[in-house]
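Here are the chains, one letter per residue:
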Amino acid sequence: MKLIRWHRPELSAWPGFGRISNLREEIDRLIEAPLSELARTSRLLSGWTPLLDLHEDKDNFVVKIELPGMKKEDIDVSLHDGSLSVSGERKSDEKFEGADVYCSERFFGHFQRTLTLPAAVAVDKIKAQYKDGVLTITLPKAEEGKPKQIDVQIG
Amino acid sequence: MKATLEKETTNNHPVREEYVAPSVNIFETKEGYVMQAEMPGVGKDGLEITLEGNEITITGRRIPEIVAGEALFRERDNSDFRRVFELDPAIDTAKISAKIEQGVLTVTLPKSERVKPRKITVD
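Those protein sequences? They're chains A and B, same order as listed.
Going by my numbering, the final residue of the first sequence carries number 155, and the count climbs one at a time with no gaps.
Going by my numbering, the final residue of the second sequence carries number 278, and the count climbs one at a time with no gaps.
Chain B extracted, bound-state conformation (with noise of 0.2 angstroms):
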């Protein structure tokens, strides 16, 4: 009895990565999209984004925080962000900016020039 219980409590921790999604807001203009995620406790230096066919993958690692002493109280997560989106094909991806100020990320995705709104003179 005591060794299936060992092993089951063995099997159920898989040494896996895990992830939460970062809350977004997405944006649409007549430029192109604005997507802003919130990801707090990551830096520059912790962020990769990635394109792949017509998909966008942000990740955000967190600094590593060594706080000295026990735990009162803790309500925060310390996994790391990922999300990925379906991008538009109107999306011009030569052109995709990305910065991170104070633990929210901007992502640019401007349209390309033949897809934008445009107004033709008339001769």
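For reference, chain A alone in the conformation it holds in the complex (with noise of 0.2 angstroms):
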């Protein structure tokens, strides 16, 4: 059997301040929150999206993306007319399929980011590392797509 108090619908107070602090709230919220914050709302909003970076030098560009938990075998990337994909499935624990869940803020399932390269890289060359769930890309640039340096004589 259940006690709840009684309440006299006509005393409850108005809704609206409710509303209106709840709306306050919200803005103070938006506006102290980090912008990493925002980012990890989008990123529940669209399901799993792995941060990347992009870096280029001299001879490589270096794509570095953070995927943490995974096994080596459930990352797929591969490179389709200069843009390179990563693509995989985080698998969840079987372990705790029976467990109480108090707090569940981890991405399972599928995921895939793309992203175009600037330059032409040698396919036959690019490396890849998987380490504390990091994994780094590293694609050599190809020659025809490397900056040259032209001695020119001027007579």
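Hints are all accurate, no fakes.
No farther apart than 20 angstroms at their CA atoms in a straight line, the calculated lysine to any residue pairs in the SDA-like style are these: (1) K271(B) with V101(A); (2) K185(B) with S104(A); (3) K131(A) with A223(B); (4) K185(B) with Y102(A); (5) K185(B) with V270(B); (6) K185(B) with G98(A); (7) K58(A) with E225(B); (8) K266(B) with V189(B); (9) K58(A) with F228(B); (10) K95(A) with E256(B); (11) K127(A) with P140(A); (12) K127(A) with A226(B); (13) K254(B) with Y130(A); (14) K127(A) with Q257(B); (15) K127(A) with T116(A); (16) K131(A) with D235(B).
I should point out that these hints are in silico values taken from the structure, not numbers from a laboratory.
Got two chains here, each in a separate frame; can you build the complex from them with the hints?
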């Protein structure tokens, strides 16, 4: 049997107040939340989008992508028409299937990220390494894509 | 005017440590709790787990990355990870263990024997 205090409906507070203070809290939260927190929110709406960085130096493009808790075999890296695609699936732990869940913030399931490389790369020399949950892909530039220095003789 | 502006810019950059909260999953079983925290870029050496009173603090420092050249595209945050959790008094703090695998920290927090459910045989 439940004992719930009975509320006289006409005495309850005007609902508008609650809504306004909620809005106020929401605005405060948005202002105070750091940018990364907002990125997290958009990630919630769109599923799992692993974060990535792209660096370029004279000889290589280096892509770093955060994929914590994966198995090497579950990550696919492919190159097609100058666009690099990283995809895979992160499987949830089966041993916790029956357990009570207190907090569930991690994403599981399929992901895919594709980016177009700014220049041609030597397809046969691409290397990838997976360490501490970060996948590093090194893509050496193709000879024709490298900037060339031409000595011009001025007569 | 210029002086004020300069003063403001210096004041806006206080030296402080910035952390991001790792995403976590927490499960409870009969034996205890298991917490998984995502800390990509953190190795065993960068981990610090401290117990104080009824709180557990997990800190993960990323190995500083040196990538040659210029960044064309950046989404990743280089801040270190930190998060504090309150412990259930049922946890046997002497038996807490932790491991990190591919950027996921797993902390196992067993419950002490006296609170574990058990069956009593009737004579």
